[in-house]
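As given, the protein sequences belong to chains A and U, one line each in that order. Take 1 as the starting number for the first sequence in the numbering used here and just add one per residue. Take 1001 as the starting number for the second sequence in the numbering used here and just add one per residue.
Honestly, I wouldn't trust all of these hints.
[Claimed, not checked] Taking beta-carbon pairs under 10 Å as the criterion, some of the chain A residues facing chain U (in silico):
1) Ile143
2) Thr172
3) Asn183
4) Glu259
Since the hints were derived computationally from the structure, they do not count as laboratory data. C-beta atoms are modelled at their ideal positions from N, C-alpha and C, and glycine is treated no differently.
For reference, the chains in residue letters:
There are 2 protein chains.
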Amino acid sequence: MDLNDRKFKILEAIINDYIQTAEPIGSRTIAKKYDLGVSSATIRNDMSDLEELGLIVQPHTSAGRIPSDRGYRLYVDKMMQSRELTQEEADLLHDVVENNVGQIDYLMQQTAKAIAALTNYTIVVTEPKSPKLNIRHVQLVPIDSVSAAAVIVTENKAVKNYVIRVQQMPETDKLNLISDAMNKAIKSYSLRDMESIAGTMLQSFPEEKELVTKLLKAILTAVRQNDNVQFYTSGVDNILGFPEFSNVEKAKNVFRALEKKDMLITLFDKDGSHDDDVRIMIGGENNMKELQDCSIVRADYHYGNDSYGTIGVIGPTRMNYSQTVSVLNAIIKNLDNVIKTLSKGDNKNEDSGG
Amino acid sequence: MDLNDRKFKILEAIINDYIQTAEPIGSRTIAKKYDLGVSSATIRNDMSDLEELGLIVQPHTSAGRIPSDRGYRLYVDKMMQSRELTQEEADLLHDVVENNVGQIDYLMQQTAKAIAALTNYTIVVTEPKSPKLNIRHVQLVPIDSVSAAAVIVTENKAVKNYVIRVQQMPETDKLNLISDAMNKAIKSYSLRDMESIAGTMLQSFPEEKELVTKLLKAILTAVRQNDNVQFYTSGVDNILGFPEFSNVEKAKNVFRALEKKDMLITLFDKDGSHDDDVRIMIGGENNMKELQDCSIVRADYHYGNDSYGTIGVIGPTRMNYSQTVSVLNAIIKNLDNVIKTLSKGDNKNEDSGG
DNA sequence: GTTAGCACTCATTCGGTGTGAGTGCTAACC
DNA sequence: GGTTAGCACTCACACCGAATGAGTGCTAAC
Chain A
1 MDLNDRKFKI LEAIINDYIQ TAEPIGSRTI AKKYDLGVSS ATIRNDMSDL EELGLIVQPH
61 TSAGRIPSDR GYRLYVDKMM QSRELTQEEA DLLHDVVENN VGQIDYLMQQ TAKAIAALTN
121 YTIVVTEPKS PKLNIRHVQL VPIDSVSAAA VIVTENKAVK NYVIRVQQMP ETDKLNLISD
181 AMNKAIKSYS LRDMESIAGT MLQSFPEEKE LVTKLLKAIL TAVRQNDNVQ FYTSGVDNIL
241 GFPEFSNVEK AKNVFRALEK KDMLITLFDK DGSHDDDVRI MIGGENNMKE LQDCSIVRAD
301 YHYGNDSYGT IGVIGPTRMN YSQTVSVLNA IIKNLDNVIK TLSKGDNKNE DSGG
Chain U
1001 MDLNDRKFKI LEAIINDYIQ TAEPIGSRTI AKKYDLGVSS ATIRNDMSDL EELGLIVQPH
1061 TSAGRIPSDR GYRLYVDKMM QSRELTQEEA DLLHDVVENN VGQIDYLMQQ TAKAIAALTN
1121 YTIVVTEPKS PKLNIRHVQL VPIDSVSAAA VIVTENKAVK NYVIRVQQMP ETDKLNLISD
1181 AMNKAIKSYS LRDMESIAGT MLQSFPEEKE LVTKLLKAIL TAVRQNDNVQ FYTSGVDNIL
1241 GFPEFSNVEK AKNVFRALEK KDMLITLFDK DGSHDDDVRI MIGGENNMKE LQDCSIVRAD
1301 YHYGNDSYGT IGVIGPTRMN YSQTVSVLNA IIKNLDNVIK TLSKGDNKNE DSGG
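Go ahead and model the full structure; you've got the sequences and the hints to work with.
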């Protein structure tokens, strides 16, 4: 069974209507509201076909049809029209980026807030991180007689600190010596060759085995770094505005999902295909059981050469994909532009790295 | 009109019953369920008096009575029995602290989670901060040719970093020199005397005016530090389990409140009376309009000598105050103990500071 | 292939009727 | 004076049946 033009139009009508009203829509309504030039009976036959194809479903006999996940998928892939932002929307997105530039964490929080205000969905933003990290600089900073902070500047200019505790922490001068040696060792060998680094370091500072070992561990953690990605949400209360979540259990699921930081982050990472496009997961297409009734639209923004963060929009499957995609495209563009102007301090390190 | 013993008992019965069932309770039910030795008619008269005193209210004629905010206040202040934790509860609270010691942020997240699981309320935890801060150590760490991280270890051993950007960032050796000088300057003068510090530094490094100024600014920010307190929540979905929040607007209010980080933090700080007790705000006693239907039980945990963070439990005014207070007392005790053993590295700095 | 007509389904709304938990008041009782 | 029994009254809520109406599938005619 193929989809002729009319059937496409009927599917589109159903989806557009349902996105707006959240109510099942019937053949007679379509006939009246959309001028397809055929009677409701004809539409009825077509709808029956669409249902057979799994593109729409009936919540119960004697109700109209609503789109299925597959229906949305077809719509998103083949039929969706891109929507121009209004001037106000564009201005808001532009201003929020311009006004908060320079403080990446605050910028991302405000960005999340702006998108939430614009779309009325729930926004999740992860801070920038990099898939393959190198270390720019390491510095031990004394805290007290038994602890010091290992401050690690990563390739993508994130600054991390890890507290190291040993029996007896050396004085500041010694810490500086160790830091210098470690920086040299990292430059000489690749990070892949942690054994050589460890060997050199332990040879130079045999009396500080514990400290050196823990410092190396901290560096490894910073490089792997999948553990503790910062993570902002905004507009979580918007969920409760949608009739599909008036069922408390369904709403609870979404809130539970928002607390499962780890799972959300891997969900965002999932397919690894970091093309520049906005990507869409509809209903069951994501594998968090708490989010089966939601769609997720997500996009990566870039921060420096290699690192990126993700902005995710979570809403009902009946979400306004077209608007959401436009908004995300716009904000990504703004962010990428502004961040590009920030990273001009990079010219000096071009020769030393790998 | 005074409150005789029987009226106290009746009020207590109403409150205990309502905490459990969330249903208005009438005179006949009290007479049957609680053995007060008087008839329902007598209880009826007493309840009328309690209502006149504003301790209980009727949601509508021909319904039973429910406690008012003032009723809960009286209960909490004068009548509440402290409740022993069960062995399981105590164990859970003990284990969560023991198993996550050493990573303060993760520890606090897990603590929030444990309390949420135990109480079924929503938990908010702020990271440790100090009202009057001193600086332990400052270190500039290079990032690229125009930027460096100012890593600042505060009195309470928090490690903060602030990215500084200047026209041309000096090499690592120079950064170390500046860092050393700054550490000496801070030790020589009190932080109150920022002008002397600034004077000394600018005299030593007249060519790095921009960098030094920005570094001083970063130090000031770290000291003030009221800006960006980290903040964890757990169990937000629990809110939806309570019948008082089945009204979507009321539930939304709570979620909105949880996004207003700043207001929540000042709410927690509010009365500044840092006695060791658990403190309770009932209904309208807090001044966030979004939380008028909630009660908040909060307690400070201590981290180092002077700094502290707050654990807040948010639930319906009909919350189990007794259990909540017990749980908070227990977790505070565990945290304080464990954190005390962590801060034994402090003996060395005793002589140098003010 | 399209349409009109028809029988049928079923969620939802609406009015009416009990039911029961609750109250306040009064008069009698100890 | 405090306590109690009794009674009339209120009112949220649950339940029931009928009416409504949006929707369907099927069939026969165009």
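Open item on the list: Of the numbered hints stated earlier in the document, which are not met by this structure?
Closed with: Hint check: nothing fails, all pass.
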